[in-house]
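Visitor: Position 26 (the sequence shown) corresponds to 252 in the working numbering; numbering is contiguous.
No lab work stands behind these hints, which were simulated from the structure alone. Beta carbons are placed, not taken as given, at the ideal position from N, Cα and C, and that holds for glycine. Keep in mind that the hints are not guaranteed to be accurate.
Ranges between beta-carbon positions, derived for each pair [claimed, not checked]: (1) D307 <-> P274: 48 to 58 Å; (2) D278 <-> P304: 53 to 63 Å; (3) N237 <-> L288: 46 to 56 Å; (4) D276 <-> P297: 44 to 54 Å.
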Amino acid sequence: MNAGESAREENPETAVPTPSPSSGTDAGDFTVGGEPDTARTPEQADSPEDADNDEIPSDDELEEPSTEKEPSEEPKAPNRDDPEPDHRAVGIGVIDS
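Sequences and hints are given; from them, build the entire structure.
Guide: Laid out in structure tokens, this is it:
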């Protein structure tokens, strides 16, 4: 044993686990009656690359309606009588200059 091997054995955080003899290709599979279960096919693809063309929505279906308004359509802010702001929120709106 050299110094590197003893250091690896002493520190369990850096130790590499060794596979057990029972871990093979079917390790972790649940079996009923000695035969492995078969996975059910999902109704939708896991990623867009795997999806059928009929599963992918069109650009028109994905387009969201615009919420942007013209400045004339935005609500107006109330006129201020004070020369200095009082640091209070009075609402959201367009301030006419």
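Visitor: Checking against the hints above, which ones are violated?
Guide: none
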